[in-house]
Structures are given as structure tokens and as C-alpha cells.
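S.K.: Sequence:
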Amino acid sequence: MADEAGWTPWFTFARWAEDDPAGESPITRTTVRGQQLEAGCVSTDTWLAAPGRGFDRWQLRLTALAAPAATHDVTVSLVAGAAQRMSIVADEPTSEPGAGRGHEVAVPPHSQRLHLDTFPDWDSGGQSWCSPTSTTMLLEHWGAAPTPEEVSWVGHETDPGVVHGVRRVFDRAYGGAGNWSFNAAYAGARGLRAYVTRLRDLTEAEAFVAAGVPLVVSVSFQGHELDGAGYDTIGHLLTIVGFTADGDVVSNDPNSGRVASNDEVRRVYRRDQFERVWLGDDGGLTYVIHPHEVSLPTPPDEANWA
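Heads up: the sequence shown begins at 2 in our numbering, then just goes up one per residue.
Just so you know, the hints here were simulated from the structure itself, not pulled from any lab data. Keep in mind that this is a model prediction, so the values were computed, not measured. Mixed in with the good hints there might be a few duds.
Simulated restraints, written as ranges between beta carbons of each label pair [said to hold, decoys possible]: (1) S26 <-> I235: 14 to 20 Å; (2) E158 <-> G224: 30 to 36 Å; (3) G231 <-> W8: 46 to 52 Å.
A virtual CB, placed ideally from N, CA and C, is assigned to each residue, including glycine.
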């Protein structure tokens with residue numbers, strides 16, 4: 002990052018590996034703690050500028066690593082980043098319904114609650130597996146889910162694709178499976194085009210749904226702020242799969258009502274409430290995941306997707 006004072010040193014945002022040392026990876030997938038300067042700090046997968054500091058340039062550097070006996074080269078399909086000045090207006094008016102009204106994408110539902118108290122080494126199971134559960138829903142929708150052979154190690158039949166996803170995104174330093182970039186990289190490793198960005202409002206999300214592209218988004222709220230959710234959260238990932246004729250949000254929410262059932266995952270949330278809890282603390286954070294051959298909607302002039 003750089004401003005009028007010049008460039009900061011390089012920071013390590015992640016050490017990424019598709020597998021883990023128990024499989025075929027020579028390194029452990031992890032972010033790196035303790036990276037802080039007067040100008041700002043790295044918080045897991047995000048650079049946070051210090052109060053009063055602004056940066057007008059940034060660059061990314063990727064260093065590839067392969068084992069000496071590797072039989073193929075490291076390949077890179079996409080490098081992406083997003084920057085935002087976080088100045089959220091609490092009383093911003095709700096966006097008007099647009100192109101997504103009445104559209105719903107058929108996305109397989111999965112509940113993270115089915116995995117509570119399983120695999121304790123991975124953050125004690127489904128209590129915090131919202132991100133890989135949501136990512137798995139989109140992988141299945143796009144036909145990129147792991148095969149029966151790939152999940153044979155799981156040892157049970159309850160949505161083993163979700164457990165496979167957790168193993169492939171788990172961040173050892175963070176201690177969880179909610180690393181945004183790792184979830185996008187996992188989807189990319191399965192042949193999809195995936196990245197993390199921030200959308201401005203639900204009208205932009207509707208454009209994706211109208212194009213047949215469901216999304217994963219991040220929300221945070223108290224229980225009374227999102228009718229029908231049945232829980233509160235300081236950070237949660239769920240999908241946007243459609244919009245009602247009135248413009249309300251149709252979501253496959255992996256934590257719906259804290260009920261351990263895939264049949265309870267689909268929820269309809271009020272547009273005004275959902276937009277507020279999505280754009281507030283989380284700034285419209287969104288995973289865009291789609292096959293390379295599926296076109297995205299036309300981006301705005303100040304593009305936040307491509």
C-alpha cells in the first residue's frame with residue numbers, strides 16, 4: 002500500500018495450499034499474525050488502514066512454491082483484490098427492487114448445524130462452518146462439488162462435501178474455516194472463477210441473480226435486526242439465491258433458526274433489514290463464484306466486479 006509518504010513494506014496475506022500436510026501439501030495453509038505498523042495492520046485476510054490514514058495505491062505479489070518432486074507446475078488462474086473506504090451511513094435508504102424480482106436460482110440447501118461437535122480439530126464443527134457450507138452450496142449448484150472418491154475419508158454420509166470444503170479452507174492461524182479468500186481460492190481450485198468483492202446494494206446483487214449467478218455474502222446483526230433468522234451473529238456467511246416479487250431476499254441460510262436440517266435452510270428476509278445487516282459492519286462483502294463460461298452482468302462504471 003502507498004500514500005504520499007511512500008510504500009509500506011510487503012505483508013504476507015496468506016500461505017495457501019489446496020491440500021494440507023495430511024494430504025499432499027508440503028506446507029500448512031495459514032494466514033500470518035503479528036503484522037502491524039503505525040500505518041495499519043493485517044487482520045487475517047484484510048488490510049486495515051489506521052484511523053486517519055488513506056492509501057491511493059496497492060499492489061499484489063504472488064510467490065509460487067512446489068515440492069522438488071512435483072510432477073506439474075504451479076498454475077495461477079486469477080489474482081484479485083478489492084479496496085473500500087468504509088464510511089457506511091446507518092440510515093441510508095433501502096435500494097429499490099430491480100432486475101432480480103421474482104427470480105430464484107435452484108441452489109442445493111445445506112445446514113451447518115448438521116455438523117455440530119464433529120471434527121473438533123476444525124473449530125468444533127458446524128457452529129462456525131457457515132462459510133464453507135455456503136461455498137459448498139454454490140459448488141454443487143455449478144457441478145463442481147467433490148466426488149464420492151474425494152470425500153470417502155470423511156467417514157459419514159451427512160453432507161460430506163461440506164466437511165471436504167472445511168478441510169480445504171481451514172486457516173490454522175485464524176483457527177477457523179471462515180477466511181474469505183481461502184473459500185474463493187477453494188472454489189477456484191475446483192475449476193470455477195471466484196473472488197471476493199464488495200457490492201454497493203441489493204440492486205447490484207439482483208443483477209447477478211437475474212443472470213443466474215447466486216452469491217455468498219457476509220452479514221452481522223442482533224436477533225431483532227433480521228426477522229426470521231432465529232439467531233444473532235458478529236459475522237456470518239449465507240447465500241443470496243433469489244428475490245421475491247416484492248424484492249425481498251431469498252437466502253439459503255446455513256444457520257437458519259439454528260435447526261439441524263437441510264429442509265429448514267431456505268429463508269425469505271425483508272429487503273430493508275437484510276440490506277442493512279449486509280452493508281453495515283461488513284460493507285457488502287460478497288463471494289462471486291461462477292463457471293468461466295457463464296457471463297456476469299455488466300458492471301457499473303466504477304467496477305466492483307469483472
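S.K.: In ascending order, which of the hints set out earlier in this document are inconsistent with the structure?
M.R.: 1
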